[in-house]
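Spelled out, the chains give:
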Amino acid sequence: GAGVSQTPSNKVTEKGKYVELRCDPISGHTALYWYRQSLGQGPEFLIYFQGTGAADDSGLPNDRFFAVRPEGSVSTLKIQRTERGDSAVYLCASSPFGGGAEDTQYFGPGTRLTVL
Amino acid sequence: QQPVQSPQAVILREGEDAVINCSSSKALYSVHWYRQKHGEAPVFLMILLKGGEQKGHEKISASFNEKKQQSSLYLTASQLSYSGTYFCGTANNNAGNMLTFGGGTRLMVKP
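Those protein sequence lines, which keep their order, are chains S and G. Numbering-wise, the first sequence is residues 1 to 116 according to my numbering. Numbering-wise, the second sequence is residues 1 to 111 according to my numbering.
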């Protein structure tokens with residue numbers, strides 16, 4: 001079956017602009033995660049959804065970052081007033097059993113965001 | 001605090017073995033291992049749970065030492081396809097939903 005998909009695959013924007021990144025999880029997966037990966041580093045947790053609600057947003061770096069998942073499937077990560085330090089690969093992952101330490105997270109290919 | 005992986009990089013000849021370690025300063029509940037090739041998504045390899053055992057996946061296996069708060073990934077008779085960056089992601093309790101990833105181990109297998 002189809003894996004996690006993310007669009008766009010690449011996004012180049014100018015400092016101060018607003019961007020939206022989209023994630024389509026594996027069908028039927030109730031848990032969805034966003035991570036950010038800088039060059040040469042491991043993924044860094046941003047936010048976790050269980051269904052439609054953000055169950056844990058402790059990883060969002062500041063209030064410029066926001067994510068939604070209105071129907072419990074597709075999620076959008078929104079970044080306002082982008083800064084050069086926001087440049088990274090934004091990864092989305094989904095889990096079949098609602099998340100948790102015993103559940104496997106399946107990652108998408110990511111969106112490479114470049115802020116000029 | 002993120003787990004520490006060692007070594008940071010390793011170069012192997014095809015057929016050689018390697019061990020990648022993942023150490024945490026906190027008690028571990030689960031360890032998740034992934035392999036990521038350049039420009040691609042991290043691919044899940046295996047998960048080890050507290051109180052669990054050594055697990056295997058083809059010629060790749062892993063162990064989990066709760067006392068040492070450490071997991072090790074074993075790659076035997078390496079193949080060219082094993083090249084990539086290996087990450088461990090850790091959860092410190094069963095209520096946690098996020099994984100904290102190490103900095104990665106870059107593995108290159110040469111013919």
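One thing to keep in mind: the hints can contain errors.
Said to hold, decoys possible - List time: in silico DSSO-like cross-link candidates among lysine-lysine, alpha-carbon distance up to 30 Å: (1) Lys67(G) - Lys78(S); (2) Lys26(G) - Lys37(G); (3) Lys11(S) - Lys37(G).
Quick caveat, the hints were computed from the structure, so don't treat them as lab data. Since the model is a prediction, treat every value here as computed from it, not as a measurement.
Now the hints, each set against the structure:
For the hint linking Lys67(G) to Lys78(S), the alpha-carbon distance of about 41 Å lies beyond 30 Å, and the restraint is violated. Pair hint Lys26(G) plus Lys37(G) holds up; C-alpha atoms about 28 Å apart against a cutoff of 30 Å. A distance of roughly 20 Å separates the Cα atoms of Lys11(S) and Lys37(G); the hinted pair therefore holds under the 30 Å criterion.
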